[in-house]
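Mapping the sequence shown onto the working numbering, position 203 (from 1) lands on 203, and the numbers just tick up by one.
Derived from the structure by calculation, the hints contain no laboratory data.
One thing to keep in mind: the hints can contain errors.
[As the list claims (entries may be wrong)] The list that follows gives simulated cross-link-like pairs (lysine to aspartate or glutamate, EDC-like), each with its CA atoms no further than 20 Å apart:
1. 241 <-> 220
2. 11 <-> 36
3. 141 <-> 125
4. 11 <-> 131
5. 241 <-> 256
6. 11 <-> 220
7. 11 <-> 37
8. 141 <-> 131
9. 241 <-> 215
10. 11 <-> 32
11. 141 <-> 215
12. 141 <-> 116
13. 11 <-> 159
14. 141 <-> 32
15. 141 <-> 36
[Claimed, not checked] Distance ranges between label pairs, derived from CB positions:
16. 239 <-> 70: 30 to 38 Å
17. 1 <-> 142: 20 to 28 Å
18. 72 <-> 22: 21 to 29 Å
19. 23 <-> 89: 25 to 33 Å
For glycine and all other residues, C-beta sits at the position ideal for the given N, C-alpha and C.
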Amino acid sequence: MSHKSPFNCGKTFNANNWYPNHSPSGSIDWQDYGGDDINGEPVRATAAGTAYFNDAGSTSYGKWIEIRHTDGTRTRYAHLASMVRGAGSSMSVSQGTQIGTVGSTGGSSAPHLHYEQRTSTGAMDTSPTVDGVTVSLGQRKPVTSTNGCGGTSNPYTPEEACGSGYAVIDSAALTGGRTYLLYNSGNGNNCVVTMKSTSLGTPSPVSAFLEPQGESRTTDSGNYGYYAGPVRLNAANQCVKWGGSVGSSSYTSPFEHCG
1 MSHKSPFNCG KTFNANNWYP NHSPSGSIDW QDYGGDDING EPVRATAAGT
51 AYFNDAGSTS YGKWIEIRHT DGTRTRYAHL ASMVRGAGSS MSVSQGTQIG
101 TVGSTGGSSA PHLHYEQRTS TGAMDTSPTV DGVTVSLGQR KPVTSTNGCG
151 GTSNPYTPEE ACGSGYAVID SAALTGGRTY LLYNSGNGNN CVVTMKSTSL
201 GTPSPVSAFL EPQGESRTTD SGNYGYYAGP VRLNAANQCV KWGGSVGSSS
251 YTSPFEHCG
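Can you make the complete structure from the sequences, with help from the hints?
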């Protein structure tokens, strides 16, 4: 399976395959490159699959995610500052789907992303390849991400659509796109946006909605080139129902994210 870098398109970070004295041997520590600080960077799936969210607290991996890919292989992403879903949850992801942000949770001494590629039996691939660059034991190489690059990708992100201070806390796949729920801890507002992945730049039916429990639903729908929304409402300490559609494919959540 071909893996992209776990970062935004165009971002360059150092991939360090420390040897010896790195556990497990063959894992990659992604760290700063040049003047680009990795702390807080969005972490994206390097290939499609099902993501499983975990939290080891102040030990080991800290907040970490395992993605099980369609060919049986797995990738792991550890020491995350945040995850788009809570521990014990799972979600389907495409290559490039944001799953968390870089941090220093668990047994980490400085912000970085711990990354592993494992075989279908769970064994470590000690010379993982990302974006066509193989990083063998003892090597350190700068890798520039092509994850989400190209003319077929949406040029906008959910964070750009919702605005400053918003971070993705959940998402759901649609045929032809994905709908996202974001939260702004500074003002207590939620935001929903549905991003298209097909017919980009061509107006076509797409929608996004947000419904705080006990209040009326607010929906943005129409023929848009790239995304529907943002729908922003204050929902601090309230459960919300959220979702959206691309064409005939739609998603409606239960009331959730009540904190």
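Tested hints:
Proximity of residue 241 to residue 220 is assessed by CA-CA distance (about 15 Å); at most 20 Å being required, the pair is judged to hold. A distance of roughly 9 Å separates the Cα atoms of residue 11 and residue 36; the hinted pair therefore holds under the 20 Å criterion. Straight-line distance between C-alpha atoms of residue 141 and residue 125 comes to about 17 Å, which keeps the hinted pair within the 20 Å bound. Simply put, residue 11 and residue 131 have alpha-carbon atoms about 12 Å apart, close enough for the 20 Å limit, and the pair holds.
Between the alpha carbons of residue 241 and residue 256 the distance comes to roughly 7 Å, so the proposed pair stays at or under 20 Å and holds. This hinted pair does not check out: residue 11 and residue 220 have alpha carbons roughly 32 Å apart, beyond 20 Å. Of the pairs offered as hints, the one joining residue 11 and residue 37 holds, with about 11 Å between alpha carbons and a cut-off of 20 Å not exceeded. At roughly 12 Å between alpha-carbon atoms, residue 141 and residue 131 fall within 20 Å of each other, so this suggested pair holds.
With a C-alpha separation of about 10 Å, the suggested pair residue 241 and residue 215 falls inside the 20 Å cut-off, and the hint holds. Restraint check: the Cα-Cα separation between residue 11 and residue 32 comes to about 11 Å, which is no more than 20 Å; the hinted pair holds. Distance check on the hinted pair: residue 141 and residue 215 sit about 52 Å apart at the alpha-carbon level, beyond 20 Å; violated. In summary, the hint linking residue 141 to residue 116 is supported, as the alpha carbons are separated by about 16 Å, within the 20 Å threshold.
With a CA separation close to 17 Å, the supplied pair residue 11 and residue 159 stays within the 20 Å bound. In summary, the hint linking residue 141 to residue 32 is supported, as the alpha carbons are separated by about 11 Å, within the 20 Å threshold. Of the pairs offered as hints, the one joining residue 141 and residue 36 holds, with about 15 Å between alpha carbons and a cut-off of 20 Å not exceeded. About 33 Å separates the C-beta atoms of residue 239 and residue 70, a value consistent with the hinted range of 30 to 38 Å.
Checking the proposed 20 to 28 Å range against residue 1 and residue 142 shows it holds: the Cβ atoms sit about 23 Å from each other. Taking 21 to 29 Å as the suggested C-beta distance range, the pair residue 72 and residue 22 conforms, at roughly 25 Å. Between residue 23 and residue 89 the CB atoms are about 26 Å apart, so this pair conforms to the stated range of 25 to 33 Å.
Hint compliance for this structure: hints 6, 11 are broken, all remaining hints hold.
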